[in-house]
Amino acid sequence: MQVKVLQLQRTMDVANKLARGTKHKREMEHHFAKHRRTIAGLVQGKQSRELLAVRTADGRLSTNLGEIDRAFREAWSPVFQMYKDRPEPATEEFVKFFGGYIPHCSMTTTELTFAQLQKVLHKKQRQHCAGVDGWRLSELAHQPPELLMVSCSSLTGSRRPACGHRPS
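Counting from 64, one number per residue, gives the positions in the sequence shown under the numbering used here.
Hints in this document: simulated from the structure, not taken from any laboratory. You may find that some hints are simply not true.
To be verified - With a cut-off of at most 27 Å between alpha-carbon atoms, the simulated BS3-like pairs for lysine-lysine come out as follows:
| no. | residue 1 | residue 2 |
| --- | --- | --- |
| 1 | Lys97 | Lys86 |
| 2 | Lys88 | Lys109 |
| 3 | Lys80 | Lys97 |
| 4 | Lys147 | Lys159 |
| 5 | Lys109 | Lys97 |
To be verified - Pairwise CB distance ranges, derived in the manner of DEER restraints:
| no. | residue 1 | residue 2 | range |
| --- | --- | --- | --- |
| 6 | Arg123 | Tyr164 | 48 to 56 Å |
| 7 | Arg73 | Glu130 | 36 to 44 Å |
| 8 | Ala204 | Glu174 | 15 to 23 Å |
| 9 | Gly194 | Asn79 | 49 to 57 Å |
| 10 | Gly194 | Arg136 | 19 to 27 Å |
| 11 | Ala178 | Ile102 | 46 to 54 Å |
| 12 | Leu175 | Gly108 | 49 to 57 Å |
| 13 | Gly108 | Asn79 | 37 to 45 Å |
| 14 | Lys159 | Leu128 | 41 to 49 Å |
| 15 | Thr176 | Glu92 | 54 to 62 Å |
This structure is a prediction, so every number in the text was calculated from the model and none was measured. For every residue, glycine included, the Cβ atom is placed at its ideal position computed from N, Cα and C.
Assemble the whole structure, with the sequences as input and the hints as a guide.
Spelled out as structure tokens, the structure:
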């Protein structure tokens, strides 16, 4: 009885292995058919494909994006946060010494209306990168009108910080 169970188990293992191989073969054929030109370019040397990898703290190479991000943060955080324990520098002495070299120009602005903002959002292509505020055009276009009206007032209203001062 034991022998028959072992034979049956081996037969099942072989069948599973063949099924996995067949599935893998189908996936590879589908991928090749979908990306035939790219693969041909890689094989012929017409295209180069770079591998994004970084050496981690323990000395191994990793292509995992989470580990790459972690490695860059660990390496660069001390540089970016070098002065985090110091108070913010005063600008008065700098302006006193270099103020004559800084060009002064007045900037006139007009009120940004909700209608103008909506027109721009629906007129522009939406596949652009994020602006300085972190919003993409496609994201702004889907926001409720109330949020866009608040954005208009904060960009042009009395809440704008005075020149030379950081917003609080």
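* To do: Tell me, in ascending order, the numbers of any earlier hints that this structure violates.
  => As far as the earlier hints go, not one is violated by this structure.
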